[in-house]
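Trainee: Chain by chain, the residues:
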Amino acid sequence: MRVGKVFRDAFRSLFRKPVTVEYITKPGKMVPVPERFRGRISYDRETCIGCLLCIRVCPGGVILSTEEGKVAFNISRCILCGQCAEVCPKGAIKLSSQFEIVTYNKEELTIK
Amino acid sequence: MDAVVAFLISIPISPLLSLLFEGIDRKLHARMQKRIGPPVLQPFYDLIKLLGKERIIPATASTRIFEIMPMVSTASSLLGASILLSNILSNSNIVGDLILIIYLLAMSSIALIVGGSASGNPYSAIGFSRKISMMIAYEIPMLIAVISMAFGPSPSLAVSSIIEFQVSRGLPLVASRLSMALAAAAFLLCIPAAASVVPFDIPEAKTEIIYGFLIEYGGPYLALAKVSKSVLNFTLTLLASAIFLYIPSLLGEAALLNLGLSLFLCLIVSLLIMFITITVPRTVLARLKVGQALKFYWVLPLTLSFSSIILSAVNL
Amino acid sequence: MIERGIEKEVEVEYTRLRIHFGPVHPALKEPVSLRVFVKGEEVVDVDIVLGHVHRGIESLAEGRNLAQALYLVERICGICSHSHTTCFTQALEEISGIKPSERALYLRTLIFEMERIHSHLLLLGIMAYEVGFDTLFMFTWHVRERILDLFEKITGNRIHHAMNTIGGVRWDLTPEMVKELDACLGEIEKSIKYIHDAFMDKTVEKRTYGLGVLDHSRAIKLCVVGPTARGSGVNIDVRRDHPYAAYNDMKEVFSVILRKDGDVYARTEVRLLEILESINIIRMVLDRLPEGSIRPEENIFRLMRKIQEGEAVSLVEAPRGELLYFVKTDGKGGLRRLKVRTPTFSNLACLKHVLVGHEIADIPVIVASIDPCLSCTNRVTIINRENGELNVVGMDTLRRRVRKKWMQ
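Protein chains in written order, with our numbering: chain Y, 1 to 112; chain S, 1 to 316; chain X, 1 to 408.
Note that these hints are calculated values from the structure, not bench results.
Please note that a few of the clues may not be correct.
[As the list claims (entries may be wrong)] Reference listing, derived: stretches of chain X covered by chain S, where coverage requires no fewer than 3 residues with Cβ under 8 Å from a Cβ of chain S:
{"#": "1", "segment": "87-97"}
{"#": "2", "segment": "108-119"}
[Claimed, not checked] Cut-off 25 Å, straight-line C-alpha distance, at most; resulting in silico cross-link-like pairs (DMTMM-like, lysine to aspartate or glutamate):
{"#": "3", "chain 1": "X", "residue 1": "K29", "chain 2": "X", "residue 2": "E297"}
{"#": "4", "chain 1": "S", "residue 1": "K49", "chain 2": "Y", "residue 2": "E46"}
{"#": "5", "chain 1": "Y", "residue 1": "K94", "chain 2": "X", "residue 2": "D215"}
{"#": "6", "chain 1": "Y", "residue 1": "K29", "chain 2": "X", "residue 2": "D149"}
{"#": "7", "chain 1": "X", "residue 1": "K153", "chain 2": "Y", "residue 2": "E100"}
{"#": "8", "chain 1": "X", "residue 1": "K332", "chain 2": "X", "residue 2": "E94"}
{"#": "9", "chain 1": "Y", "residue 1": "K17", "chain 2": "Y", "residue 2": "E46"}
{"#": "10", "chain 1": "Y", "residue 1": "K29", "chain 2": "X", "residue 2": "E359"}
{"#": "11", "chain 1": "X", "residue 1": "K206", "chain 2": "X", "residue 2": "E359"}
{"#": "12", "chain 1": "X", "residue 1": "K206", "chain 2": "S", "residue 2": "D2"}
{"#": "13", "chain 1": "X", "residue 1": "K339", "chain 2": "X", "residue 2": "E58"}
{"#": "14", "chain 1": "S", "residue 1": "K295", "chain 2": "X", "residue 2": "D215"}
{"#": "15", "chain 1": "X", "residue 1": "K260", "chain 2": "X", "residue 2": "D215"}
{"#": "16", "chain 1": "S", "residue 1": "K295", "chain 2": "X", "residue 2": "E94"}
{"#": "17", "chain 1": "S", "residue 1": "K206", "chain 2": "X", "residue 2": "E41"}
{"#": "18", "chain 1": "Y", "residue 1": "K17", "chain 2": "X", "residue 2": "E94"}
{"#": "19", "chain 1": "X", "residue 1": "K193", "chain 2": "Y", "residue 2": "D9"}
Positions of the beta carbon are idealized from the N, C-alpha and C atoms, including for glycine.
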């Protein structure tokens, strides 16, 4: 039969669990992400020594130095390359597993 | 049930049933593609959302026609569905026969494309010409398949008398004669094109001409157009189940006494027909081109329906 | 192309209908505007208008240092992102003489071939969608999802892997990943055979056979590259002709797929069979993966300082064909000039020839068959409507104009 080659597979999947999953944004119920996943930046202000190396590798211009000699992140420009985390000598910057970056609140887009 | 009462009841029931059918169709389609799919009531939500949106009429449109045609289309397909449904519900013929129903359905398609092409968009002009060629392709075999019934065992074109005949024989019409089986086959083959689903959704082909004649419709107009299309699909499947595959006839005379049960069985059958003629083709096939579709319809269904007429003329 | 478009606008022809195919159209995944002139259903002429999503990445990169530019160029393409970074780092390594370790080169090859699988599957899905075969589209993308999950596991992101760094790669394979990759490859191989079979479905065949024929001589004349060229029988493949990364060791495990017909189906089939070749290469990579470090000891700032002033041209075989980078460094860790020639830029011109004479229904199928990746291709050209004068506007001028607008 040259017509309807996918019919058998399609009909069979009627009785099987669908492969798509619902998008749930509640914490704890989200789809698990692998270990190396690069999500929203998390910044430990205490360990930061203000060397500003991260500013020099950031492609998007996310990172700004603040008056206290620390840095602030403008997440809306972040392209999640993870170079800042790589060059940070103290490990103060990490990329968390949080993939929900979109928000209604503009202040949440700045990490200090 | 009194025929007039039945007709009045059918008018609100038929759009509800058809939207439900569309929801089931979408769910099955999604599940065949390994998706979760929308909720079964999604068409109702869509409808409510669309009705609440603003009306936009393109600057190039001829306003009057653009506005009226969705209403005409919905009215005619609703009328067709109600006539059919009241025939099954009351088992008496009040207003019209098969030919009227078929023409009301054709009218509904034509009204939609006329309204769409009044928008002045070149894509809807292409959609218009494609739909006309498609109608030439499928209307002829469909009409002949229905007309062959007049030559057939029950020389009548009223739905109620065809149902009565099937009940009196205790068999659905397809099983009673070879000619009717051929006519049923031709009719079923015409459903995908009349409902314009893949592979015959050429007039609206979303990746080619972006829903063709529907391109400029939005808001309440699109809501009406969608209702009209889903009522049309529902009527086609219900028509096939009532005139060719009236399964309640197997119950004998009880079918006429217990009309509610008969209707329920009829709807189950039409759901099956919808699955076979609308859901499955649009799941497992790719879209054809106008020429290819025309060739298909003028070779297979036309031959089937013509041979059905010839066979029924010689009482086979 | 563009000049002719203006002529047509001026002269009014009533027999032809001009249809704007795009820039927003469900059949196009990215914006390009095809002005199609039709007589009835037949296409008589096509003009291609680009420039809807020009982002000025080349110019943006010139103001940044090399470490920043590396992940900026990755954003040129959302599908073949690894090709862009590889091409860029190769050019930098060429200038500076930093040699990546063997293991790093093998890992680059691995990601490269995984990317090719995912890119080709994406296109196959889109091809199915263009012909109205939604189920095959869903099935194909379901297979692609496996590869994307693996990408997420190995590199941390589904699309923008950020795998490359100057002189190496950033993430290593763990033994569990190797096992999982191996298991996944077998499944994909099976699925590819199934998809190949489904593409032989008669309704699909009717929409793809003998359409959009690009014959051998014209393919050479129009300089098409990649699967589009190989579908027309042009025997080119950067992986074999100018081996980079670890492809020198892979020569015996892959062959260049060629088809003579040059129609839509030939191009589709070339891609289908290339996935199988890619699977072979990945198996070889996993088999032979050498031990060692994956990146240089020095940190990125040292490495940037090592790169002296110089220029280099680098070539890779992206999923869509030959990708070319010209990089000129200033010796202070910055870029003086970056020039990118994406494969679609070479391929797009052939559309004008292959579309003419076909029906409107065939346009999306043929356009999709060259696998256009349009955002990579866009350039800004400003046309003076009155006299048809063309001038290219640089990033500086654009920036100045935007600033002026903001001030007001």
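Trainee: Would you mind marking each hint as holding or not holding in the structure?
Mentor: Results of checking the hints against the structure:
1. Restraint check on the segment 87-97 of chain X versus chain S: 0 residues with Cβ-Cβ distances below 8 Å, three needed, restraint violated.
2. For the segment 108-119 of chain X, the stated coverage by chain S is not satisfied: 0 residues place a CB nearer than 8 Å to a CB of that chain, which falls below the threshold of 3.
3. About 42 Å separates the Cα atoms of K29/X and E297/X, which puts this hinted pair outside 25 Å; it is violated.
4. Restraint check for K49/S and E46/Y: the C-alpha separation of about 50 Å exceeds 25 Å, so the hint is violated.
5. This hinted pair does not check out: K94/Y and D215/X have alpha carbons roughly 53 Å apart, beyond 25 Å.
6. Only pairs whose Cα atoms come within 25 Å are accepted, and K29/Y paired with D149/X is accepted, the gap being roughly 19 Å.
7. Only pairs whose Cα atoms come within 25 Å are accepted, and K153/X paired with E100/Y is accepted, the gap being roughly 18 Å.
8. Annotation: proposed proximity of K332/X to E94/X holds, straight-line Cα distance about 16 Å (limit 25 Å).
9. For the proposed pair K17/Y and E46/Y, the alpha carbon gap of about 48 Å is over 25 Å, so the pair is violated.
10. For the suggested pair K29/Y and E359/X, the alpha carbons sit about 49 Å apart, so the restraint of at most 25 Å is broken.
11. Restraint check for K206/X and E359/X: satisfied, since their Cα atoms lie roughly 13 Å apart, inside the 25 Å limit.
12. With a C-alpha separation of about 52 Å, the suggested pair K206/X and D2/S falls outside the 25 Å cut-off, and the hint is violated.
13. For a cut-off of 25 Å, the pair hint linking K339/X to E58/X stands: about 6 Å separates their Cα positions.
14. For the given pair, K295/S sits about 29 Å from D215/X by alpha-carbon distance, which is inconsistent with the 25 Å threshold.
15. At roughly 8 Å between alpha-carbon atoms, K260/X and D215/X fall within 25 Å of each other, so this suggested pair holds.
16. Annotation: proposed proximity of K295/S to E94/X is violated, straight-line Cα distance about 60 Å (limit 25 Å).
17. Between K206/S and E41/X, the direct Cα distance comes to roughly 16 Å. Compliance with the 25 Å bound is thereby established for this hinted pair.
18. Taking the CA atoms of K17/Y and E94/X, the gap is about 51 Å. The hint is violated against a cut of 25 Å.
19. Taking the CA atoms of K193/X and D9/Y, the gap is near 14 Å; set against the 25 Å cutoff, the hint holds.
The structure fails hints 1, 2, 3, 4, 5, 9, 10, 12, 14, 16, 18 (numbered hints given earlier, in ascending order).
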